[in-house]
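Protein chains in written order, with the working numbering: chain R, 6 to 218; chain Y, 6 to 218.
If you are wondering where the hints come from, they were derived from the structure by calculation, not from laboratory data. Ideal Cβ placement from N, Cα and C applies to all residues, glycine included. Just to be clear, a hint being listed does not mean it is correct.
[Stated by the list, open to error] Selected chain Y positions facing chain R (Cβ under 7 Å, derived; list incomplete): (1) Arg126; (2) Tyr127; (3) Leu134.
[What the hints assert, rightly or not] What the simulated footprint calls covered on chain R by chain Y, stretch by stretch (three residues with Cβ under 8 Å from a Cβ of chain Y suffice, anywhere in the stretch; the number is not a length): (4) 64-72; (5) 77-89; (6) 108-115; (7) 158-172.
Number of protein chains: 2
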Amino acid sequence: MVAIPSRGLSQKHEGFRELLENNYQKRNLVHLTSGSVVPLLKNSVWLVLRGMVKLGAVSVHGDELLLGLAGPNEPFGEPFSSVEAYEAVTLTDCDLICLTMAEIEQSPQLAIAMMEAVGTRYRQAEYMLSLLGLRRVEERVRGFLELLAQDYGQSCNEGLRLNLRLTHQDMASALSTTRVTVTRVIGLLRDEGWLKIDPQRHLVISHLPRRSH
Amino acid sequence: MVAIPSRGLSQKHEGFRELLENNYQKRNLVHLTSGSVVPLLKNSVWLVLRGMVKLGAVSVHGDELLLGLAGPNEPFGEPFSSVEAYEAVTLTDCDLICLTMAEIEQSPQLAIAMMEAVGTRYRQAEYMLSLLGLRRVEERVRGFLELLAQDYGQSCNEGLRLNLRLTHQDMASALSTTRVTVTRVIGLLRDEGWLKIDPQRHLVISHLPRRSH
C-alpha cells in the first residue's frame with residue numbers, strides 16, 4: 006500500500022500561499038508556538054501557512070486518537086469535522102490564518118484553492134482509513150511513514166527526511182495500536198535499513214516509496 | 006462517540022442539486038444500475054445526484070476495505086483519492102454526473118459548492134477514523150450506524166431508516182473487524198431494541214442518536 010504522490014499540486018500550493026499572503030496581509034497572522042491548542046471557532050477555517058498541526062480527539066474511554074496532520078496550505082476547523090472532543094495542537098511553531106466560511110464564499114479564487122486544499126485533507130484521511138484496514142501493524146507503520154514522507158518530507162541525500170516530531174504514542178494513536186508495538190516496528194524498520202534516524206533525531210525514509218503512478 | 010448532525014447543510018445541498026441540474030442538463034446524466042463499477046477518470050470528479058456509491062479498495066493481502074459512502078450531492082473520484090486499487094461501486098441505482106476539475110475551476114458557484122461537498126466527504130472519513138480508534142467493536146458498529154443514519158437516514162415512525170443495503174461484510178470491511186463479529190453485534194443491538202429491521206429488511210435506528218450540538 007503506497008500513497009500515490011500528489012499530482013503536480015506543489016505549484017498550485019505555491020499559488021495558494023501567494024494568494025493568501027497577498028490578500029490577507031492586512032489581517033494579523035496568528036503565530037503559535039509548538040504545543041499550543043488552536044481554538045476552533047464556529048464557521049471558521051484555519052489554514053496552515055507554515056508549520057504542522059496535529060488533529061485528534063479523545064475517545065469515550067479516554068484514549069487519544071490521532072486523526073490527521075495539517076501542513077502548509079492545508080485547512081482544518083469546525084466546518085470540516087464532526088468528531089466529538091476534537092482538538093488541534095501545533096506540532097511545531099506555526100503561522101496560521103483564520104478565515105470565515107463567508108469570506109471564502111465571497112472569493113472565487115479562494116473557494117477554488119480551498120476546494121483543492123480540503124481535497125488534500127480528504128485524501129489523507131481516506132488513505133489513513135486504508136492503512137487501518139491492514140492486518141499487520143508493520144505495514145500500517147510503514148504506510149503511515151510513507152504518507153508523511155510524501156506529503157511533508159524533505160529531500161536529503163539519504164532519502165526523505167521528516168522534520169516533524171511525532172512520538173511513538175502519536176503513531177500508535179493514529180494506527181490503532183500500542184506505543185510498545187510502534188517502538189518495536191520502528192526498530193525493525195531501522196534494522197532493515199528502510200528507516201534511519203539522523204543526528205537531530207529526525208526520521209529519514211531511506212528507501213524512497215516506489216511511485217506507483 | 007456521536008456524529009454531530011450536519012449544520013443546516015441540507016438547504017445548501019438542495020441549492021447544489023439545483024445548480025447542477027440547471028447548468029448541466031445539456032450533459033447526459035449517467036444512469037448506473039445497482040452493483041455497477043464507476044470508472045474513475047483522471048482529473049474528473051463524479052457527483053452523486055441520486056443514489057449511493059460505495060468507495061473502497063482491496064488491500065495487498067486481498068482484503069476488501071470499505072473507505073466510505075458517497076450519497077446525494079457528494080463527490081468522489083481520482084482527484085480526491087490516493088489509495089491504490091481504489092474502486093467505486095454503486096450500492097443502488099444511481100444518477101451521476103462527471104465534471105472535470107477545469108470545469109469546476111471555471112465556475113465560482115460550482116467551486117464553492119464543491120468545496121463544501123468535499124468537506125462533507127472529509128468529515129465522514131475523519132469520523133470513520135475516529136470510530137476505528139474505539140476498542141470495542143460494538144461501539145464501532147453503533148457509531149457507524151449512527152453516522153449512516155444521520156447522513157443518509159430517513160425519518161420514520163420508529164426512528165431513522167437506512168434505505169441502503171450494506172452487508173455485514175461491508176460493515177466489517179469498514180470497521181476492521183470480521184463479518185461474524187458484525188453479525189453478533191447487530192444481534193445484540195436488536196435485542197437491546199436500539200436497532201430494528203423492518204419488513205423490507207432495512208435497518209431502523211430506533212433510539213435516535215442524541216444530538217450533542
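| Outcome, coverage hint (the segment 77-89 of chain R, chain Y; C-beta under 8 Å; three residues) | holds (count 6)
| With a cut-off of 8 Å between beta carbons, are at least three residues of the segment 158-172 of chain R near chain Y? | Answer violated; 0 residues pass the 8 Å Cβ test.
| task | Can you take a look at whether the segment 108-115 of chain R is actually covered by chain Y? Rule is 3+ residues, C-beta closer than 8 Å. | result | n = 3 at 8 Å, threshold three: holds.
| request: Take the segment 64-72 of chain R, compare each residue's beta carbon with every beta carbon of chain Y, and decide whether three or more fall closer than 8 Å. | output: holds (count 6)
| said: Hint Tyr127/Y vs chain R: min CB-CB distance below 7 Å? | reply: holds, 4 Å
| field | chain R contact restraint for Leu134/Y - C-beta distance below 7 Å | value | holds, 5 Å
| Taking 7 Å as the limit, does the beta-carbon of Arg126/Y come near enough to a beta-carbon in chain R? | holds, 5 Å
Hint check: a violation occurs at hint 7 only; the rest are consistent with the structure.
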